[in-house]
Amino acid sequence: MEENNLEQKNQNSNRAGLFFILFLIVLFLFLISIWYWWQKTTKTIKEKRFEPIFVSPTTILPSPTPIVKEETSDDRTTEIEKDLEDLDLLDLNQEFKEIDQDLDSL
Amino acid sequence: MFQKFHMKKRITLFVIAGLILAINSFALNTPYPSGEKGMLERIRERSNVFEREFQKNRVEIKKIIEQNQVEFRNLLKNKREELKNKIEQLRERLRAQLKERIKNEAKREIVERVYQRINELNERMTNHYLNVLEKLEKILERIESRTAKAKLNNLDTIKVEAAIEEAKTAIFKAKEGLKTQAEKVYQPPEITSETTLKTKIGLLRKQLHDDLKSVEKLVKEARETVRKSLVLLAQINKVNEIEVLENTSVPEPTS
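These protein sequences, in sequence, are chains A and B.
Under my numbering, the residue at position 38 of the first sequence is numbered 39, and the numbers go up by one with no gaps.
Under my numbering, the residue at position 199 of the second sequence is numbered 652, and the numbers go up by one with no gaps.
Simulated from the structure, these hints should not be mistaken for lab results.
Check the hints yourself; a few may be wrong.
As the list claims (entries may be wrong) - Covered stretches of chain B (chain A as the covering partner; in silico rule of three or more C-beta atoms under 8 Å from a C-beta of chain A):
id, stretch
1, 559–565
2, 569–579
3, 587–593
4, 654–664
5, 677–685
Unchecked claim - Using C-beta positions, here's what the derived DEER-type ranges look like:
id, chain 1, residue 1, chain 2, residue 2, range
6, A, W36, B, E699, 37 to 47 Å
7, A, L88, B, K556, 41 to 51 Å
8, A, I35, B, R497, 24 to 34 Å
9, B, E498, A, T79, 29 to 39 Å
10, A, E96, B, T649, 24 to 34 Å
Model, not experiment: these values are computed from the prediction.
For every residue, glycine included, the Cβ atom is placed at its ideal position computed from N, Cα and C.
Bound-form chain B, shown alone (with noise of 0.2 Å):
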C-alpha cells in the first residue's frame, strides 16, 4: 500500500517535471518578436492571422524601427561629438601653417572658411542622407504590410518578398556607408606655398564629393530597390482592395 503510494507520488512529479520541459522548448521554438523580424517574416507558416494581431504586429513593427533609428542617430551622434576635437585641432593646424606660409590675409581666410564648410558639408549631408533612408525603411515596412495581407488572402507575392528582401539589404548597405561617411575627417592639406594653395584645397574638395557622390549612389540604390518592390506589388490585380480577415467568431455558448 505504502510502495503504491510512494509510486504515484512519483509519477505524478515526472508528470509534472515533463509537462514543465514541454512548456519550456514551446517557449523556445516561439518567435521572439525582435526588431529583425518584418511582418512577412511573422505571419510566415500562419494560415490565418487576423486583424487585430495583424496591426499589433504592425504597431510593434514601426515602434522597432523608430528605436533602432534613434539609437543609430545617437551612435553617429556620439561619434561626431567624439570627432569635433579632432577636427577642432585640425583647423588649428592649418591656421598655424596659413599664418606662417601664406602672406595674403584675404586667401588665408577663404581656406579657413572652405575646410570648415568642407566639414559642415559632410555632416549636413550625411544626415540628410540618414533622413531618406529612415523614411525608406518606413515605406518599405508599408509595403511589406501590404505584401503581408496580399499573402494572407493566397495571393502570389513571390517576387515582391524577393524584392523586399532586396530592398532591405540594399538600405543595410546604405547604412553603412553613410556610417563611415559620417565618421570621415577630412585632413587639411599641407600648405607650403601660395602657388599651390588652390589645387590642394580643389583636391580636398573633390575628395569630399566623391565620398558623398559615393554615398549617394548607395542611397540611390536603395530607393531604386524599394520602388521596385512596390511597382511588383502594385501589379498583383486588386492588392489596394484586400485585408486581413476580421474575427467575428463568437465563443459557442456552453450546454
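Here chain A stands alone, though its shape is the one from the complex (with noise of 0.2 Å):
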C-alpha cells in the first residue's frame, strides 16, 4: 500500500517537472515570436521613415561629404605670391594728413 502510494508521488512529481520543462519551451517559444514581431514592426517603422520625400529643386541638401575640391588647388604658390602681394599696409603718414592739418591751423 505505501509502496503504491510513493510510486504514485513518483509519477505526479515527474508529470509535474514535465509540465514545467513544456512551460518553460512554450514560453521561450512566446517570446522569440514577440520579439521576431517587435523586429519585424521597427523594421518597417525604420523603413518608412526614411522613405524619400519630395524635394524642391531650389532646395540645396547638404552633401554627405563636405570636402570640395577648392580646397585642394588653393595652396599653389603662384596663388599665395598673388594673395601675399595684395596685402596692403596702409601708408601711416597719409593716416595721419588730417590731425597734422589740424594742428598746423593751431
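Could you use the hints to bring the two separately framed chains together as a complex?
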C-alpha cells in the first residue's frame, strides 16, 4: 500500500517536472515570437521613416562629404604670392594727414 | 572544479581590465586635434596620408584659425567697450580745461577734434593691422599645406618648415603688440596756456605715431617671414604639381 503511494507520488512529481519544462518551452517560443514581431514592426517603421520625400529643386541638400575640391587648389605658390602681394599696409603718414592739418592751424 | 571556474573568471576579468587600460593609454597618446596643431605637425611621423584625410584636416585647421580670430576680435572689442567710458571722461576733462584756460574758441575746437581723431585713428589702424595679420595667418596655412604635400612626397622641406615656424612666431608677436596698442588710452595733455597748446598736442600726436609705427614694424616683419617661407617653398622643384595620394585601394574580397 505504502509502495503504491510512493510510486504514485513519484509519478506525480515527474509529471509536474515535465509540465514545467513544457511551460518553459512554450514561454520561450512565445517570447521569441514577440521578439520577431517587434523586430519586424520596428523595421517597417524605420523604412517608412526614411522613404524619399519630395524635394523642391531649389533646396540644397548637404553633401555627405563636406570636402570641397576647391580646397585642394588654393595652396599653389603662384596664387599665394598673388594674395600676399595684394596685402596693403597703408601709408601711416597719410593717415595722420587730417591730424597734421589741424595741428598746423593751431 | 569550482576553484578552476573562479580562476578562469579572474583571468577573464584581468584581461578585460588590461584591455581597458591599454585603450585608455592609446587614446592619451593620440594627438588631440587642437587649434595649435598645423598640418605639418599633424602629418609628422606619418609615412602616408591620403587625400581625404588631408583635406579633412585642412578644413579642420581653417575652422580653428577662424574661430581663434573671432575670439581675438571679440576680446579686443570688449576691451574697447570698457575703454570708451574712460576716453569719454578724459575728453570731458580736456573740454573743461580748454574752456577754463583757452579763450580762442576755434583753437578749443581743434584741440578737441585732434584728441578725438587720435583715439579714432588708433582704433582704425589697429583694426587694419589685425586684418592684415589675419590674412597672413590664412596665407601661412596655405603655405603649410603645400609644404606638407611636398613632405609627404619625400621632398626636402626642412628650410621651409623652419621658415614657417619663424613666421608663426612673428605673427604671434605682432598680435601681442597689436593687442597692447589697441588697449591703449591716450591721455590728453595738461592744458596750461595757449602758447604751449600746439607743442603739447603735437607730442600726443608723436606718441601715437611712434606707437603705431612699432606695430607696423611688427606686422611688416610678420609679412616678411611669411614671404620668406613662400620663397623657400617655391624653390622646391615642381612643388605645385605634387598632390597627396588618393586612396584607391579597394577592400580585398573575402573568400
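Against the structure, the hints come out as follows:
{"no.": "1", "hint": "559–565", "verdict": "holds (count 3)"}
{"no.": "2", "hint": "569–579", "verdict": "holds (count 5)"}
{"no.": "3", "hint": "587–593", "verdict": "holds (count 3)"}
{"no.": "4", "hint": "654–664", "verdict": "holds (count 4)"}
{"no.": "5", "hint": "677–685", "verdict": "holds (count 3)"}
{"no.": "6", "hint": "A:W36 to B:E699: 37 to 47 Å", "verdict": "holds (45 Å)"}
{"no.": "7", "hint": "A:L88 to B:K556: 41 to 51 Å", "verdict": "holds (48 Å)"}
{"no.": "8", "hint": "A:I35 to B:R497: 24 to 34 Å", "verdict": "violated (56 Å)"}
{"no.": "9", "hint": "B:E498 to A:T79: 29 to 39 Å", "verdict": "holds (31 Å)"}
{"no.": "10", "hint": "A:E96 to B:T649: 24 to 34 Å", "verdict": "holds (26 Å)"}
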